[in-house]
Amino acid sequence: PFRRDWWGRSWTFCHNGDLKGFQPRLDGPFAPVGQTDSERAFCWLMQELRRALGDDAVPAWPRVAPLLAELAADVARHGLFNFLLCDGEALYAHASDKLHWLQRRHPFGRVRLVDRDLEIDLAQANGADDRMVLVATEPLTHGEPWTAFEPGELRVFADGRVRWQSASLIAA
Numbered sequence: 097p098f099r100r101d102w103w104g105r106s107w108t109f110c111h112n113g114d115l116k117g118f119q120p121r122l123d124g125p126f127a128p129v130g131q132t133d134s135e136r137a138f139c140w141l142m143q144e145l146r147r148a149l150g151d152d153a154v155p156a157w158p159r160v161a162p163l164l165a166e167l168a169a170d171v172a173r174h175g176l177f178n179f180l181l182c183d184g185e186a187l188y189a190h191a192s193d194k195l196h197w198l199q200r201r202h203p204f205g206r207v208r209l210v211d212r213d214l215e216i217d218l219a220q221a222n223g224a225d226d227r228m229v230l231v232a233t234e235p236l237t238h239g240e241p242w243t244a245f246e247p248g249e250l251r252v253f254a255d256g257r258v259r260w261q262s263a264s265l266i267a268a
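Per our numbering, residue 97 is the first one in the sequence shown, and the count goes up by one each step.
Some hints here could point you the wrong way.
As the list claims (entries may be wrong) - Result set (SDA-like, lysine to any residue): computed pairs, CA atoms no more than 20 Å apart in a straight line:
#, residue 1, residue 2
1, Lys194, Cys110
2, Lys194, Leu176
3, Lys194, Gly248
4, Lys194, Glu249
5, Lys194, Ser106
6, Lys194, Arg227
These are computed hints drawn from the structure, not numbers from a lab.
Note that this is a predicted model, so its numbers are computed, not measured.
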């Protein structure tokens with residue numbers, strides 16, 4: 097994962113995929129420290145969000161989401177671009193190919209992990225007002241309603257809920 101500060105928030109990013117030939121012009125304050133396609137993509141997304149939204153006021157996710165969906169579609173033309181981006185208020189999740197999400201809320205039950213013979217009682221650690229969203233490449237548990245993203249889809253999660261989703265922006 098990578099982190100940059102902007103608008104007084106810490107933005108974090110992680111990417112699963114491979115971007116072939118993605119060499120955008122980076123001329124803003126968000127410069128890569130390393131040489132990965134992931135960090136280049138993150139810096140370019142931050143640069144373009146800043147260019148479009150400015151520095152005057154912290155935009156809420158309803159302003160960021162549609163723009164980010166378009167930017168993600170541009171990057172995804174270079175290969176697989178599954179990513180998570182979080183600004184501390186909202187989680188933006190984009191799928192090129194495989195990504196799943198799950199919302200949990202009260203009443204919490206028991207879940208069994210996919211990759212281990214382990215069952216967890218979620219009610220032990222969660223209260224009636226708790227909500228959460230999990231995002232993973234593949235479902236992590238058995239018996240829960242994991243939902244697959246559509247290719248090219250961006251979803252915004254905040255306060256343990258789906259707040260927005262784009263239509264698939266993959267070119268036909």
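Evaluation of the provided hints:
no. : hint            : in the structure
1   : Lys194 / Cys110 : 15 Å, holds
2   : Lys194 / Leu176 : 9 Å, holds
3   : Lys194 / Gly248 : 10 Å, holds
4   : Lys194 / Glu249 : 11 Å, holds
5   : Lys194 / Ser106 : 26 Å, violated
6   : Lys194 / Arg227 : 24 Å, violated
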